[in-house]
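Trainee: These protein sequence lines are chains R and W, in that order.
Just so it is clear: in the first sequence, position 101 is 101 by our numbering, and no numbers are missing.
Remember, our numbering sits 1000 above the position in the second sequence when you count from 1.
Have a look at the derived ranges for each label pair, beta carbon to beta carbon:
{"id": "1", "chain 1": "R", "residue 1": "335", "chain 2": "W", "residue 2": "1088", "range": "56 to 64 Å"}
{"id": "2", "chain 1": "W", "residue 1": "1160", "chain 2": "R", "residue 2": "193", "range": "24 to 32 Å"}
{"id": "3", "chain 1": "R", "residue 1": "20", "chain 2": "W", "residue 2": "1088", "range": "30 to 38 Å"}
Pairs of lysine-lysine, DSS-like flavour, derived with a Cα cap of 25 Å:
{"id": "4", "chain 1": "W", "residue 1": "1257", "chain 2": "R", "residue 2": "129"}
{"id": "5", "chain 1": "R", "residue 1": "128", "chain 2": "W", "residue 2": "1257"}
{"id": "6", "chain 1": "R", "residue 1": "101", "chain 2": "W", "residue 2": "1257"}
{"id": "7", "chain 1": "W", "residue 1": "1254", "chain 2": "R", "residue 2": "128"}
{"id": "8", "chain 1": "R", "residue 1": "47", "chain 2": "W", "residue 2": "1095"}
The set of hints was computed from the structure by calculation and includes no laboratory data.
Yeah, the Cβ is synthetic: ideal placement off N, Cα and C, and Gly gets one too.
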Amino acid sequence: MSQIQLKNISKHFEGKQVLKDINLFVKEGEMVSLLGPSGCGKTTTLKILAGLIEPDCGDILINGDSVLNIPVERRGVVIVFQDYLLFPHMTVEENVAFGLKMAKVKKSKRIKRVRDMIDLVQLNGHEKKYPRELSGGQRQRVAIARALAIEPRVLLLDEPFSNLDTRLRETMREFVCQIQKKLGITTILVTHDKEEALMTSDQVAIMLGGEIKQFGSPAEIYERPVSTIVADFFGEKNYIKGEIKDRFFICDVGKFKTDFNGFSKVKAMVRPEEIEISARDGENGILGIIKSKTYAGERVYYTIKTGNMEWKCILSSQKTFNVDEKVFIKIDFNKVVFFKDEE
Amino acid sequence: MEKRNLIFKIIMNILIFFLIAPLIILAIWSFSKIWPWPDLFPKSFGIRGFKYIFNPSNKSLKILMFSVWLSTVVTVITLLISIPAAKALGVYNFKGKRVFKILVLAPIIVPPVVVAMGIHVAFIRMGLANTFVGVVLVHLIPCIPYGVRILTNVFEILGESMEIQARVLGANPFQAFIHITLPLLAPGLLSAGSMVFIVSFSQYFLTFLIGGGKIVTFSMLMFPFIKSGDRMMASVYSSIFILTTLTVLLVMEKMVKSYYKGENYFYL
Chain R
1 MSQIQLKNIS KHFEGKQVLK DINLFVKEGE MVSLLGPSGC GKTTTLKILA GLIEPDCGDI
61 LINGDSVLNI PVERRGVVIV FQDYLLFPHM TVEENVAFGL KMAKVKKSKR IKRVRDMIDL
121 VQLNGHEKKY PRELSGGQRQ RVAIARALAI EPRVLLLDEP FSNLDTRLRE TMREFVCQIQ
181 KKLGITTILV THDKEEALMT SDQVAIMLGG EIKQFGSPAE IYERPVSTIV ADFFGEKNYI
241 KGEIKDRFFI CDVGKFKTDF NGFSKVKAMV RPEEIEISAR DGENGILGII KSKTYAGERV
301 YYTIKTGNME WKCILSSQKT FNVDEKVFIK IDFNKVVFFK DEE
Chain W
1001 MEKRNLIFKI IMNILIFFLI APLIILAIWS FSKIWPWPDL FPKSFGIRGF KYIFNPSNKS
1061 LKILMFSVWL STVVTVITLL ISIPAAKALG VYNFKGKRVF KILVLAPIIV PPVVVAMGIH
1121 VAFIRMGLAN TFVGVVLVHL IPCIPYGVRI LTNVFEILGE SMEIQARVLG ANPFQAFIHI
1181 TLPLLAPGLL SAGSMVFIVS FSQYFLTFLI GGGKIVTFSM LMFPFIKSGD RMMASVYSSI
1241 FILTTLTVLL VMEKMVKSYY KGENYFYL
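Here chain R stands alone, though its shape is the one from the complex (with noise of 0.2 Å):
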């Protein structure tokens, strides 16, 4: 169980920045998610973090001491990466007793731990299967077996659902957080998914162009993103420049009551979900038409017009309205997220 602080991590691949001064404090057997596109550097940063890749410039600290001397075999860091990399010459219970052998563990030790892990990640009965022989979900599960018979002092997946179909990947990712909560050990989950990374983490990191852009609980980063780019990761977001005056939002569309006063000219974040839509107008009511219509199951996607400003909402389809009907939407600005207004 360790605690894990990145001090200004840098990193130049072929005069190509990828990762900018990155800064993550990840505490005792929590679980933290770098959640970006690909590409934005969050792999890099778990190689860096197993030693597999050396920084340019920062430390790596964990329980408070450097560890970027310290090669990857000793390091106790263990990746589980996308694709699994079980040994394919290897059964599973030796796929498991891999990383203790390698580490000399006497051998009646081994034979015990290797069942524990065995039993742990439920896979009795597998142990003398190779892994061709394996389904994609027990393949995982032996990966992770494997990288937890070793006890590591820091847990690493690298995307480690995105291989998995949808039906699949939700049962693995909440028995991976069981285990997790179970064994409490420090975890740090790679992923592009961003209900993944939600749903699963104690801390969510946000990675774009190589830098961490806001690190907070996942109720924190998705109801208050401290940029722009943070909030367009979770989805298209509806925005509406304005000035706030005396407890009020001034925009093109009208004037609305709001208890925010950070600043003054403002650009107000509207998520899609939280716009209302009625027939009948009610109190501080807009006035709009329905211009497309997109159903998808359980949600419908409408984009409406009101004078020369265009909103996407999201509603679930119990209530449905038609294309070109007249509707009023109403946005309550107390919910609502202003940024300041740079230009």
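Based on these hints, arrange chain W on the given structure of chain R.
Mentor: Okay, now just chain W, sitting in the frame of chain R:
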């Protein structure tokens, strides 16, 4: 579909025929006393050739064993040199990699005579001419290109990921090589090894030049008979030659396979 299958079958059978036919003729020749042109079958049969070869005073079998030993040594050394070279060419990226890849093949492209003449002078000075070590060294020249080339392709497919995974799990570089890379490389080692063995075993000129007649291999024994036109003897030697290489290859394959099957339980 039917038609395509038929054409495919015909082509395959023709290919097999062209592969087998010379061997059959070789076998017939090695037993025939007189087989004048244009007879379809030999006039009379005999076993003079085999009698000669199995006669201990001719030392043919002894030389055969020595040849196998020499080529085995060459094969092992070639593979030991080729593995790291092939890994560098197959896995890592560095400047001039493509040039090196072509340069590795140079000994096959340039006639060995050219190189061997120069080497011979150097070997005489170093006292390596007419010695076993000298012949082994000179055999490495045409063998290494095959070894490196075949293993490079294997490494290109294997990549480094399994080795990295092993390192992450606590294996030091040596352990990762022994327990992961080597077993995964085994099929490649087998095909490279077979190729190298055959190249070394059939080497005539280099052995003759550097061995100076003191180091005699099986192919050198064969040569005078082929040159003098004693077809029966040449065929007998050729048959033995083919049988030997085939046996060695089969034994090698068996050994590698049983080793990696038997090794499994070592992991737990």
